[in-house]
Amino acid sequence: MKAESGFTLLEVMIALAIFAVLAASVLSASQFVVQQSGTLQERLFATWLADNQLNELRLQAPPAKGRQQQSLRFDQREWRLEQIVTPTSDPRLLKVEIIVRLGNGGPPLHHANAWLPARNE
Numbered sequence: 006m007k008a009e010s011g012f013t014l015l016e017v018m019i020a021l022a023i024f025a026v027l028a029a030s031v032l033s034a035s036q037f038v039v040q041q042s043g044t045l046q047e048r049l050f051a052t053w054l055a056d057n058q059l060n061e062l063r064l065q066a067p068p069a070k071g072r073q074q075q076s077l078r079f080d081q082r083e084w085r086l087e088q089i090v091t092p093t094s095d096p097r098l099l100k101v102e103i104i105v106r107l108g109n110g111g112p113p114l115h116h117a118n119a120w121l122p123a124r125n126e
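Heads up, the sequence shown is in my numbering, so the first residue is 6 and it goes up one at a time.
Hints are computed from structural coordinates only; laboratory data are not their basis. The reader is advised that the hints may include incorrect statements.
Claimed, not checked - Estimated spans, in silico, between C-beta atoms of each pair:
no.	residue 1	residue 2	range
1	77	124	22 to 30 Å
2	40	10	26 to 34 Å
3	36	82	40 to 48 Å
4	77	30	40 to 48 Å
5	45	91	46 to 54 Å
6	29	92	15 to 23 Å
7	19	76	20 to 28 Å
8	95	29	57 to 65 Å
9	73	45	42 to 50 Å
10	30	57	40 to 48 Å
11	79	112	45 to 53 Å
12	40	87	46 to 54 Å
13	44	19	16 to 24 Å
14	76	30	24 to 32 Å
Glycine included, each C-beta is placed from N, C-alpha and C at the ideal position.
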């Protein structure tokens, strides 16, 4: 009898099963990377917004003590900045905290702290 060349049905099915498992793993990993990329972009923008707010405060008169919220639009999204100004043990300084969230009120994406002069000098 002449030997046949090629793969048996069992070998082909095992190869397909291995390929299916690998393809599912690659798809899952790529979805994770895409999701993380979006989160990273949101955090980067939140960092920019907090830094911009702190720089504006540095250029203005000392901010009023207390808590203020501000909504703004950036990169076709709504953002919410919360500014908390508190006195420090040094009367010459104010502690300023900026918390940035998306406009829908999700978790904070960035939290920045700075110490500003309590009066213009």
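Verification of the hints:
no.: 1; hint: 77 with 124: 22 to 30 Å; result: holds (27 Å)
no.: 2; hint: 40 with 10: 26 to 34 Å; result: violated (46 Å)
no.: 3; hint: 36 with 82: 40 to 48 Å; result: violated (22 Å)
no.: 4; hint: 77 with 30: 40 to 48 Å; result: holds (41 Å)
no.: 5; hint: 45 with 91: 46 to 54 Å; result: violated (31 Å)
no.: 6; hint: 29 with 92: 15 to 23 Å; result: violated (57 Å)
no.: 7; hint: 19 with 76: 20 to 28 Å; result: violated (58 Å)
no.: 8; hint: 95 with 29: 57 to 65 Å; result: holds (58 Å)
no.: 9; hint: 73 with 45: 42 to 50 Å; result: violated (28 Å)
no.: 10; hint: 30 with 57: 40 to 48 Å; result: holds (41 Å)
no.: 11; hint: 79 with 112: 45 to 53 Å; result: violated (18 Å)
no.: 12; hint: 40 with 87: 46 to 54 Å; result: violated (26 Å)
no.: 13; hint: 44 with 19: 16 to 24 Å; result: violated (38 Å)
no.: 14; hint: 76 with 30: 24 to 32 Å; result: violated (42 Å)
Against the hints set out earlier in the document, violations occur for numbers 2, 3, 5, 6, 7, 9, 11, 12, 13 and 14.
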